[in-house]
Amino acid sequence: MSKRTGQGAGLSMDKFREIMRLHELGHSQCSIAQSCAVARSTVQDYIRRATAKGLSYEQIQQLSDSEAKTQLGKGKRAVKEKLETIDFTTLEIELQRKGVTLALLWQEGIDKQQWDCSYGTFCRRYNKWKVRHQLTMRQVYKAGEKLFVDYCGPTVEVMHPETQTVTKAQIFVACFGASNYTYAEATPSQELPHWIGAHQRALQFFGGVPECIVPDNLKSGVTDPCRYEPGINRSYEEFARHFNVVILPARPNKPKDKAKVEKAVQEVERQILAPLRHERFTNFTDLNAAILVRLQHFNDRVMSGYGVSRLVLFEQVDKPALKALPSQTFTFARWKTAKVNLDYHLEVEKHYYSVPYWYVQREVQVKIAEHLIEVFHDHQRIAVHERSRVQYRHSTVAEHMPPEHWAYKRQSKERFLAWADQIGSHTRAQVEAIFNTKAHEEQAFRSIRGMQRLATTHGTERLEAACRRANAFGMVGLRRLRSILATRLDTASVESEPVVTPVIEHTNLRGAQYYH
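Residue 66 in full-length UniProt numbering sits at position 66 of the sequence shown; the count goes up by one each step and never skips.
Worth flagging that the hints you see were computed from the coordinates, not collected in a lab. Treat each hint with caution, since some may be false.
Derived DEER-like restraints, expressed as beta-carbon distance ranges [said to hold, decoys possible]:
| id | residue 1 | residue 2 | range |
| --- | --- | --- | --- |
| 1 | E279 | T331 | 30 to 38 Å |
| 2 | D111 | E386 | 42 to 50 Å |
| 3 | S56 | E279 | 20 to 28 Å |
| 4 | T457 | T437 | 29 to 37 Å |
| 5 | T155 | P403 | 22 to 30 Å |
| 6 | E269 | I368 | 13 to 21 Å |
| 7 | Q114 | E24 | 46 to 54 Å |
| 8 | Q380 | A289 | 42 to 50 Å |
| 9 | D286 | R241 | 51 to 59 Å |
| 10 | S56 | V293 | 18 to 26 Å |
| 11 | T437 | T331 | 30 to 38 Å |
| 12 | T437 | R415 | 15 to 23 Å |
| 13 | P326 | A289 | 52 to 60 Å |
25 Å max Cα-Cα, derived PhoX-like pairs, lysine-lysine [to be verified]:
| id | residue 1 | residue 2 |
| --- | --- | --- |
| 14 | K350 | K339 |
| 15 | K438 | K350 |
| 16 | K15 | K367 |
| 17 | K336 | K15 |
| 18 | K142 | K69 |
| 19 | K168 | K142 |
| 20 | K15 | K323 |
| 21 | K263 | K142 |
| 22 | K438 | K69 |
Backbone N, C-alpha and C fix where the C-beta goes; we use that ideal spot for every residue, glycine too.
Given these sequences and hints, build the entire structure.
The structure is reproduced here in structure tokens:
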């Protein structure tokens, strides 16, 4: 069985940064531990060490992984102290109040001299008490706290009229825990771009951001659906940071964690999808428009047992507690881990991008956005390129090259130009034209080496004359020069008039005067 990451397990600096981000947002250490898949004692330890060093989340963001580790130093386990009898039943009730954490209750007990123990010991005793009493927590949802998300099981067919191909639309559902206010939309698939895009549109529909988003263990968002260490997809984590929200995956085999959204999914299937079963859709725009109409009726309907609709309850309870939407639009990007090749390039979709040469053979993280490629190492960006869709080509930044490579590249071009100068101005102009017409200088090098062989075979004077003729007629390249030399056109005067062939007199032929 998997275990939570403890103090001695080598916590990654990315998780440490996430712990500090959530801590500064005011989340309890329990919720932080669950979100980050670490022990609560680890959360307490890292918060304590960062506080002792005076490090804020923003300051930690500016540090590399190695710098952050140096600043934090090594953790120390709390010394066991004697624990007096504590009324954990009363404390459990207090924990249901918004903003109340174990750390707060422990500190209040210390201040009132009700107990004399470390916070770690206090937490361990509390956990033992919970196990001993086999507590089943009643799901009480706080205002604006949790938004549950999932996909429906049934799909809706979308027939593309031109190709007659059928896409099975996946139905995304989002539901608030407190008010049951629901959002639904159809997406082409459950893949990561559609999954995150549906989240964005849901938050825009709600007009705000909750404290937590609770997904089921869908592979698009959760890379490792472990009960204790759920791994969150990095693109999903970026989405969470942009919207300042916590991703809190439902625990496997814990149906109460996702009971709210499962009920919402069932209602969407019965009250929205079932009535649409006889309709035919040819695009997602029409399908989502039909879903939205029935969704509005669904949210406006009075709920039995509540006496009010989901919309009214949302306006009264959840909406006032939501955080504002960020002003900037979130840009989706995929991440991949890559190893830098010996030529200091790495491959993304069969195109090759350079990084500084000293990262050769190192593992780096690549962020792949619509128009941009960014490469990171040790939490620091080391390269950025405009994204190219051209396969088997290279995007190389000169500053990324080793000094000897850059020096060779510059000296080679300069050497060829110097050689051309020795022959004449026309040869120089032809060499420059070759450099300007080739995509890579290496291609120009081959052509100019061919020119050097022509100079050896035919002599420099004839090569200069051939270049003069080629330049005059706008011809560039080795094959043109070979043709000129082979036909001895280099000996002809560029200014000479072409020979006029006598015209045979004929009554059907018009003279020049006809055209004036």
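* Asked: For the pair T155 and P403, does the Cβ-Cβ distance stay inside 22 to 30 Å?
  -> Because 58 Å falls outside the window, the suggested range is violated.
* Is it true that the CA of K263 sits at most 25 Å from the CA of K142? -> holds, 18 Å
* Asked: Within 25 Å, alpha carbon to alpha carbon, are K15 and K323?
  -> It holds: about 23 Å lies between the C-alpha atoms, which stays within 25 Å.
* Asked: Cβ-Cβ distance between T437 and R415: within 15 to 23 Å?
  -> Check passed, 19 Å falls within 15 to 23 Å.
* Does the Cβ-Cβ separation between T457 and T437 fall within 29 to 37 Å? -> violated, 23 Å
* **Beta-carbon spacing of E269 to I368 - inside the hinted bounds 13 to 21 Å or not** => violated, 35 Å
* Can the restraint linking K15 and K367 be considered satisfied, given a maximum Cα separation of 25 Å? -> Roughly 18 Å between the alpha carbons, so the hint for K15 and K367 holds.
* Taken at face value, is the distance from the CA of K69 to the CA of K142 at most 25 Å? -> Not OK: K142 and K69 at ~36 Å, beyond 25 Å, violated.
* Given hint K69 paired with K438 - CA-CA distance at most 25 Å -> violated, 49 Å
* Restraint status (C-alpha distance of K168 to K142 at most 25 Å) -> Violated. K168 to K142 sits at ~36 Å, over the 25 Å cutoff.
* To do: Could you say whether the range 18 to 26 Å given as a hint is met by the Cβ separation of S56 and V293?
  => This hint is violated: roughly 47 Å between Cβ atoms.
* To do: Evaluate the given range 46 to 54 Å for the C-beta pair formed by Q114 and E24.
  => About 29 Å separates the Cβ atoms of Q114 and E24, which means 46 to 54 Å is violated.
Checked against the numbered hints above, the structure breaks hints 2, 3, 4, 5, 6, 7, 9, 10, 13, 18, 19, 22 and satisfies the rest.
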